[in-house]
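Q: Here's the letter readout for the chains.
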Amino acid sequence: MNMKQADNSFQPGRRQARKLDLKNGRVELTHGAGGRAMADLIDLIFRRAFDNPLLNQGNDQAAFDVAAGRMVMSTDSFVISPLFFPGGNIGSLAVHGTVNDLAMAGAQPLYLSTGFILEEGLPLADLTRIVDAMAKAARDAGVQIITGDTKVVERGKGDGVFINTAGIGRVPAGINISGERARPGQKILVSGTIGDHGVAIMSLRKGLQFETALQSDCASLNGLVARMVDQAGSAIAVLRDPTRGGLAATLNEIADQSGVGIRLHEHSLPIRPEVRGACELLGLDPLNVANEGKLIAIVEARQADALLDTMRQHVNGHEAAIIGEVIDDPMHLVRMVTSIGGERVIDWLHGEQLPRIC
Amino acid sequence: MKYIDEFRDGERARGLARALQTEARPDRQYRLMEFCGGHTHAVFRYGIPDLLPASIELIHGPGCPVCVLPIGRLDMAIRLVCDHPEVILASYGDMLRVPGSKRRSLLQARADGADVRMVYSVSDALALARANPERQVVFFGIGFETTTPPTALGILEAQRSGLDNFSVFCNHVLTPAAMKAILNVPPGAQAGETLEVDGFIGPSHVSVIIGSDAYSFCAGQYHKPVVIAGFEPLDVLQSILMLVRQLNEGRADIENQYTRAVTPGGNPKAQAAVAEVFSLRPTFEWRGLGDIPESALGISKAFQAYDAEQRFDMVYQSAAGTKGCECPAVLRGAKKPIDCKLFATTCTPESPLGSCMVSDEGACAAYFTYGRFRQEAEQRQAEQRAEHRAARAQATAYGEHG
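Protein chains in written order, with this note's numbering: chain P, 1 to 358; chain S, 1001 to 1402.
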């Protein structure tokens, strides 16, 4: 990142912003060239939306004090298509994604950075919507976007906009949540219905378009996690958000990391009828479909019911369910007892999920 | 979910499993072939083998459209799109990853610059042709009777709307012909590889089109029962029970478990469209089953303007498969995926060597995805079956003395 060289960071100069046509204008190469046009873009779109004292310090970096204790840091890039979808857009997603990655350590997220790669020709109105959604998502999650960067690439070399966010957060004392801490006997909880985000996005994809009232579940989970940590504390062994690859990929990761097996019960999986319907139609498995506002918690069995109650009282967890348990298995498999009482292995997804033809 | 949950009900499944345990006789084997890849998929997705007594063995059939297409036909498609830069090849997604000769797939051809597009239906291919009037759009038509009527309608639509830059590379095949080939000793089968099938779990969607009467030869000529089954787990379990009952009673009837969709005569409109556009090929090569007479459809003379094989002078050359790949024997039902040395070692869904590992409906992919490491369980089952056979032999021996 060469914020300094191009001087295209969000930190303000001492210059009056000029009028930018936010209604009909488009991103031009000059918006990334380090000149006045770029400064206008940053002032009128980014700084206006993200406005906070740390961003407004006006340096090439944001400076802040940290408390003693354990910090966590994470980064994620967002290259989603389409940019707008029912329930959110790439901007809100970019905040939720990194906030959730931090929260999955039991941490309270504090600050985010963001980098934008804009494609020449992107309507400024779209950019404004994306940035405003991002600012709102950050406010709702209680984090501040304190430093940023923007670049413009030629038409055809990007997909409208790519966004990177990185974040840091603080872990409360005594909390040790990590993917290698799953042990046989612990219970597995999910915070709500699975597959909503993936199916909502798929319904808009070219060639697949189908009508659904389904919204993406895209949400920041740090509020829910804070309540869970307060209630169950050290009894929580693992937290993870099952994004790309869905529940199947996430549980396989945990099984590998912890060296355990996992057993799910198909009848206890919360899945919306619309998601099941779409998956039936397309020959997909809801276990492989992406989520953006759900978490999996692995917790000591004696605490599972109480934690479930706590989760259900939170707006992001009211459809939470206990879906399985950690078992001893030298092969580290994820298995599922099916609705008819048989058993099958839940594997990673191979390649891209494609609708079946027959 | 209405009309779905009813067919996945655990209580009913346990009831059917109990009936099977009671009714399947321990003194005999029931070797039942599920013809369709869709059934193979359902069998593993719901863990149906866990509910069956040891005397019932499910044999996985060749009903996976991507799996049975011979390498030579895939090579034709790859050559077509590489030699003709004006061509856009529109194909179902699964087909793109199947390795052809020299392990070259359509995906690799695309990476090398050929214009290959994934479509979900023939309508997508027609739309491509309309959107690209300066290009030639070729639809890679594959599949059994389920996908054949849409291809026929695609050709009729192209003719009706004067869409001259659209054609079809037709590879549609026929289910009854393949069942006959399985019941006859398969050509190229080695000693010990001949297959004994006691009955068929008949196709669901194929039967919606062709009707249950299309299988009467199984009962008449070969004295093998067929039960046409839906794709839901209870459908499959109930069909197995119906087959067990037929075999116990010494009957060989064509029964229809999937009455909510299948009629004796099938869908006459679909059949009429197919009859109008296609004609029987004298013979066609199948992966695993070899050349089978009158087993596939070509585009008939009246519609040859839409036949990509004519338009581009495409020539068929039979090609050998990957060394060591047991897809042919797996497709005949003569071997299980785990009998193949390449299975889960060099051949995986990420880098498939054989077609059965590519498609979701392929037996190898189903084994890998839903039970990659189930060899142990399989071995245990095989041992149980061996014990069961030994006990049977012993019982017979005692019987002779008594």
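Hints in this document: simulated from the structure, not taken from any laboratory. Idealized CB from N, CA, C, for every residue including glycine. Just to be clear, a hint being listed does not mean it is correct.
Claimed, not checked - With the C-beta cut set under 7 Å, the calculated list includes, among others, these residues of chain S facing chain P:
id: 1; residue: R1018
id: 2; residue: L1020
id: 3; residue: Y1046
id: 4; residue: G1047
id: 5; residue: I1048
id: 6; residue: A1054
id: 7; residue: P1233
id: 8; residue: E1276
id: 9; residue: Q1317
id: 10; residue: K1336
id: 11; residue: Y1370
id: 12; residue: G1371
id: 13; residue: A1393
Q: So which of the earlier hints does this model not fit?
A: 1, 2, 6, 8, 9, 10, 13
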